[in-house]
Amino acid sequence: MPRKKIEKLINKNGVRIDGRKLDELRPMKIEVGVLGNADGSAYIQQGKTKVLAAVYGPHEVHPRHLALPDRAVLRCRYHMAPFSVEERKSPAPSRREMEISKVIREALDPAVFVEYYPRTSVDIFTEVLQADGGTRCASLTAASLALADAGIPMRDLVVACAAGKVEGLLVLDLSDPEDKVGEADVPVAFMANLNAITLLQMDGMLTIDEFEQVVNLALQGCKQIYALQKEALKSKYVVVKEEVKE
Amino acid sequence: MDMPIFFEKRQLVTPGDLLAEGDYSAGENTYKEDNKIYATRVGLVNYEDRRIYVVALKAFYVPNVEDLVIGKVLEVGLGGWALDIRAPYLAMLRASDALDRPFKPQRNDLPSIFDVGDLVLSKIVDYDRTRDPLLTVREPGLGKITRGQVTEITPTKIPRVIGRKGSMISMLKRETECQITVGQNGLILVNGKTPEDEELAIMAIRKIEQEAHTSGLTDRVAEMIRKEKGSVEHAPKEN
Amino acid sequence: MTTSVIAARVKQKQIAQLISRGKRLDGRGLTDYRETQLEAGVIERAEGSARVRLGKTEVMVGVKIEVGEPFTDIPNEGVLTVNAELVPLASPTFEPGPPDENSIELARVVDRGIRESKAIDLGKLCLVPGKKVFVIFVDVYVLNYDGNLIDASAIASLAALLNTKLFNYEVEDGEVKIKPGYTQLPIKNHPITVTFAKIKDKLIMDPSLEEEQVMDARLTITIEKDGKICAMQKGGQGHFTIQQVMDAVRTAQGKVEELRKIVVGG
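Note that the protein sequences, when read in sequence, are chains A, B and C. Positions 1 to 246 (the working numbering) are the ones given, in order, by the first sequence. Positions 1 to 239 (the working numbering) are the ones given, in order, by the second sequence. Positions 1 to 266 (the working numbering) are the ones given, in order, by the third sequence.
This is chain A alone, in the form it adopts within the complex (with noise of 0.2 angstroms):
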């Protein structure tokens, strides 16, 4: 299918193609527990883009030699499922998903209590079945409820959210044709409880105060979304207002 040529992305009134203000998410569905053989699963659909996250573990790990003598090993795969895009993709693993797979495992390591289970691994696979921008922070913040899900005790949940500037402005949430288009991306993970930052990687050019601003808008994003997990994963089970006899 060719191309199709966008004239404008953000209107003189700041007001995307989308509908959406500069500093606006996309409207989000958050499900857990959504895998029956999987530990621990989660999907999320962020605008046009569906992922989906599962969870395995802590278990022994195979092969035995990639085992740590004093800590979990955590693997990760993203991987786009071949329909997920414009143009097919290839189901082989590609350079960029390589890449991804490696930045989501970091992201995810400072929060998973890895310690715990010596000699284990727990393993992550994150699939998107349709890409319209921010998948990877899609991934990891679906990764990090699967996780929760799997029961497997966590410092804090991790959340994910890319902010970059398009047309000249900064904004919250790149769908895809502002990632293409766009002069600037920074994806940005966090983890509220620690003030940590674990996931950045940005691509585009930006001066270095436009780039402190796009952080925190991410940053400002990420918090949101935060919330939206917290919910997801509490209505899975129903809340308890009387006292429990035992």
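One should not assume that every hint holds.
[Said to hold, decoys possible] Calculated pairs, DSSO-like style, for lysine-lysine (alpha carbon to alpha carbon, straight line, at most 27 angstroms):
#1 C:23 <-> A:8
#2 C:56 <-> A:8
#3 C:23 <-> C:56
#4 A:180 <-> C:228
It is worth saying that the hints were derived from the structure and are not from the lab.
With chain A's structure known, arrange chains B and C on it following the hints.
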């Protein structure tokens, strides 16, 4: 007593929720950092004296010495068996333990004792961070499970199935007339006079799992069992 | 970099203690780079090449240019592709085989610096629109690993590109004919990459191998000639606070000129 606690008792919390700040100790499913106590799992927060803890709603089984567990044989090795006990680690059962005498590889055929796929009721006899848990079947009642049905619930609900001072499990045994053996790892063995009795017990266990957090559960489950039994007795027998 | 070597906790404590007093194992200051040696044009057969020694880390980059097809969604631009090989002779921890996540990350971070700074005007590399363009292969070859492969590779890549000659050509009936002579590949920007390692909440630049083995996390920042940031990559299993990120960015800003001089000359 001036203690900042940020939650009500039995409130639902998620990993990373700030539970308290100050001179408290971090109990189960919590951790302390910078004088603050946070939850590590999804569950219901509570506190006793100055100890803050979370009863996890979803957690996997972590082995404890002396726990009774039901495991499935995954591998038959040269000196024993490896069992899946639904924990992050495989559990080991030595041949010498099952044979109750020194093991002679040429003369003893391990698969004839426990083979791949067999369910075994055993006890954890040793476990530390540097090795897999070690099992024993030496005590009376332990060994291969040859009859009855095994069901599985999330391990965090096991205490509910037992109940305070065993009240729930005594009721279950009495009402269903089944022998019920509870593995701490979430597997439960039910042995009844008839398969229908066993199924009834399993149905009751499922109900406990689903409604674990509610009150008056023991009575409600007892009532459910009686109702089911009553209807079964009056139903015409099918061939 | 993920390595399979488990650093002794004693070593980590020692390094951390030194750093808290503003010193490092090899006596450097926290923002000092190791001695950098750069040689351009070392491989005559390649269209461009350079070798960099950053302390004992050694990286060679070769640039090859071919005529090829453009990407379908960018039909009028040349193609830049960066690949990195962590060859087994460079370290006991490098295994032979297809590129692993470390070499892929290395290549992609170096690529991002060059691409986002628009150092190469890819639009000028179109030969027959939609059909034939120049494809620039930048191959990063790590010869000795003693920490901070990213910065060494980025410096070597930029130097190799500055050294790259495009053969003269003529387009006749949609066919590209090579003519005698060369022109220098026009390079419009000089992105410089600097990497920080965080050890016990202190930031150091140009980590050596030992420092990498005990670091919590690393942050790589690429700054182009006008002082704008064009690429950034956090790596490793630890984290940074936003204050640490901005401190690193400001320190980087002050440092890149020094490194740029090495590549581009005073």
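How the hints compare with the structure:
1. C:23 <-> A:8: 52 angstroms, violated
2. C:56 <-> A:8: Roughly 50 angstroms between the alpha carbons, so the hint for residue 56 of chain C and residue 8 of chain A is violated.
3. C:23 <-> C:56: Roughly 19 angstroms separates the two Cα atoms, so the pair holds.
4. A:180 <-> C:228: 20 angstroms, holds
Comparing the model with each earlier hint shows violations of hints 1 and 2; every other hint is respected.
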